[in-house]
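*Asks:* Listed below, chain by chain, are the residues.
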Amino acid sequence: MLKIESVTKKYGQFTAVDSLSFSVDKGRILGLLGPNGAGKTSTIRMIAGITLPDSGRITFGSIPAGPASQMLMGYLPEERGLYKRMTVLEGIQFLGELKQIPAREARKKGLNLLEEFGLADWQNKKIEALSKGMQQKVQILTTILHDPDLIILDEPLSGLDPINAELVNTLIMDLKNKGKIILFSTHRMEQVEKICDDIVLINKGIGVLNGPLNEIRKKFGTDSVIIGFDGDASVLNRIAGITLADIHPKHAEIKLNGTPLKPVIAFLNEHLELHRVERVSPSLKDIFIRTVTEQGFDLEAGGLE
Amino acid sequence: MKSPVWIILKREYTSRIKSKGFIIGTILGPVMILALAFLPAVIATMNLGGPKTVVIYDETGQYGSELLSYQPERTDPSALKLKDLAADKAADKIAEEHAGDKLILEMADVTEPASGFRKRMTDSLAAGKIYGYLMISADSSSRPVLEFFSSSASDFLALSNLEKRVNSLFRLKTLDRLGITPETAREINETVSMKVFKVTEKGAEEDSGSSLMLAFGMGFFIYMSMFIYGSMVMQSAMEEKQSRIVEVIISSVRPFDLLMGKILGVGLLGLTQYLIWGLTAAGIGLYGAAMISAFTGGGAAPGLVIPWYTIAAFILYFVGGYLIFSTIYAAVGASVDNMNDAQQIVTPIALLIIIPILMISQIVRDPNSTLAVVLSLIPFFSPILMTARIAVQVPPWYEIAASGVLMTGTFILMVWLSAKIYRVGVLMYGKRLTFAELYRWLRY
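Protein chains in written order, with our numbering: chain C, 14 to 318; chain V, 841 to 1284.
Hints are not guaranteed to be accurate.
Taking lysine-lysine and the DSS-like style, the derived pairs with C-alpha atoms no more than 30 Å apart in a straight line are [what the hints assert, rightly or not]: (1) K121(C) to K1260(V); (2) K858(V) to K139(C); (3) K842(V) to K97(C); (4) K850(V) to K138(C); (5) K138(C) to K1260(V); (6) K1004(V) to K139(C); (7) K850(V) to K139(C); (8) K122(C) to K1260(V); (9) K842(V) to K122(C); (10) K850(V) to K121(C); (11) K97(C) to K1013(V); (12) K268(C) to K231(C); (13) K268(C) to K39(C); (14) K892(V) to K16(C); (15) K858(V) to K122(C).
Quick caveat, the hints were computed from the structure, so don't treat them as lab data.
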């Protein structure tokens, strides 16, 4: 289990991460979400043992984040690269050796993975000769070369075409099924909705929401209805128990707050001419925005998609 | 468990030694140095542009014809050989062969008035038919007066030869007039030379200025190395940052290990390169000595015997200096992400290497002055200045020991500082680096 306990990181006067806590179990994928500059990369670097928290604790199993945990961990940074003038296999071997795999074994494992990724023909080519997508596949491959128990992927899909993105998604699911812990960071919410089990939403370094995705969904869940209508909108105010989230002359979003939907619809049908009724589950983006505003934080959603 | 430093070192070393840059640098380095040293001289001796005709107008009637046939008696290997072509060519023509080029001397008819001759020659000059003309007249005390006219009097080799020849001819004539035989003249001309001995604890040894040459040579070598290998380390750190691989690396090893592996790897590469150069130079040296002794007719080549302690000092101070400066350079490379920013930070560091090379001649002239002692103890200057001092005169042991301790201390301090800067710097992008910023990093 990966456990982050009230971790704080400051750079000078700037607080990048503010007493953040969460944990992930084996065989689960955690999505670390937030707009650009929210503190995702700062958090990940501490988990990866690259920087130290100013306060708080990060443990992987029983090992604190540091040189020992690094050997059990594979990290794909957001800003990533390889030695351009080394050959593909040399580069893989070097990064494997850094994870204490003997050179020969690193080459063997590297070759197997290259074949799996359809890059076997490129093993002796210089890395600079590879396309950007191919280089990215090589990078992902080196991340899992030493069979790590914790895999940290910072924006792993950025720059990949849909086919390769799918390939990476499959790989992530495979790793999950093998019981690995996967930390997946992105500012693209729809990617998370597809594959994550748990999510942590952070804004300005503060964790604003955290838990299993389906529970969060349920909580915010299908409690809203969007209606399109003709008629006098003021009748909406006569329904007890609901909240009007969004109201326009011909369009409204109603939060049911647990009120059964059927009688509401019946009532509306009686007084208005309905031409659209849709039960909606809020997108992660909406959840994020709602949570942040409800908790009274400034929203910095510039980079949120 | 394999040491991470070793893995980094191995990659740094093997990937570089196989690179084209290393192979080219190793071959071209000495070629470039030799070219820089000798090329101007070689080019100067090459007379590009074919034979040059010089017309001599001798009013005195004493020098001209003799000048054509006169051959200086004492010739050294570099002196010109005159070949009398009178027999098989025009009667008053003589060709001078020099470096494949000819200087052709022609006598003018002195029955022609000087003014007419000058006018004619001016036309020839303009037409490019002749290289120049020489007017020989005599002053009131019957000393020859030589005037050479040319449109481009820039071939100083040819000119000085001409002048020399007239001079020795004039001297011969003077000796003759005074009734002194050439044998007596030669005796007068003989010189004695003074041998210089260097007195050390082991007694007196002959020193033909070689220790001075050695001091300059080794100082310069260390100076070059600091720059070349220092910037190699800097570039290596910068490349890792630019290619963005550095974050992956430091998720496996400590930045300190990366720093050390890099410094040691490039350092080992430098030693390899010096070994190759050293062996090649030794080979060429042996061959060259044979060549020189062949030239000087069996005379021994000027030997450059380097005492073992000087070599030991050179290696130790080279290594020490490299470690200190490459550590600083590595920190710079890790804290910038483009060459422009690097230049700015590097300039004050480069000064630390340049200052001692500017002081070196002062130091070797008076190696035990207070100035020399103080400067050579400054850890940044020691590599160049202490080595130079050891080459000319071994300083007291405690001064060497003190410089060793100071350099070690400086190295440790630099590693400590650089490791801190490195740790922060490698993850910092797009920030314009200032010294104030660097100072803040130390406290992160």
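*Asks:* Run every hint past the structure and note whether it holds.
*Replies:* Here is what the structure says about each hint:
{"no.": "1", "hint": "K121(C) to K1260(V)", "in the structure": "violated, 36 Å"}
{"no.": "2", "hint": "K858(V) to K139(C)", "in the structure": "holds, 14 Å"}
{"no.": "3", "hint": "K842(V) to K97(C)", "in the structure": "holds, 25 Å"}
{"no.": "4", "hint": "K850(V) to K138(C)", "in the structure": "holds, 21 Å"}
{"no.": "5", "hint": "K138(C) to K1260(V)", "in the structure": "violated, 36 Å"}
{"no.": "6", "hint": "K1004(V) to K139(C)", "in the structure": "violated, 64 Å"}
{"no.": "7", "hint": "K850(V) to K139(C)", "in the structure": "holds, 19 Å"}
{"no.": "8", "hint": "K122(C) to K1260(V)", "in the structure": "violated, 35 Å"}
{"no.": "9", "hint": "K842(V) to K122(C)", "in the structure": "holds, 19 Å"}
{"no.": "10", "hint": "K850(V) to K121(C)", "in the structure": "holds, 20 Å"}
{"no.": "11", "hint": "K97(C) to K1013(V)", "in the structure": "violated, 77 Å"}
{"no.": "12", "hint": "K268(C) to K231(C)", "in the structure": "holds, 14 Å"}
{"no.": "13", "hint": "K268(C) to K39(C)", "in the structure": "violated, 36 Å"}
{"no.": "14", "hint": "K892(V) to K16(C)", "in the structure": "violated, 91 Å"}
{"no.": "15", "hint": "K858(V) to K122(C)", "in the structure": "holds, 25 Å"}
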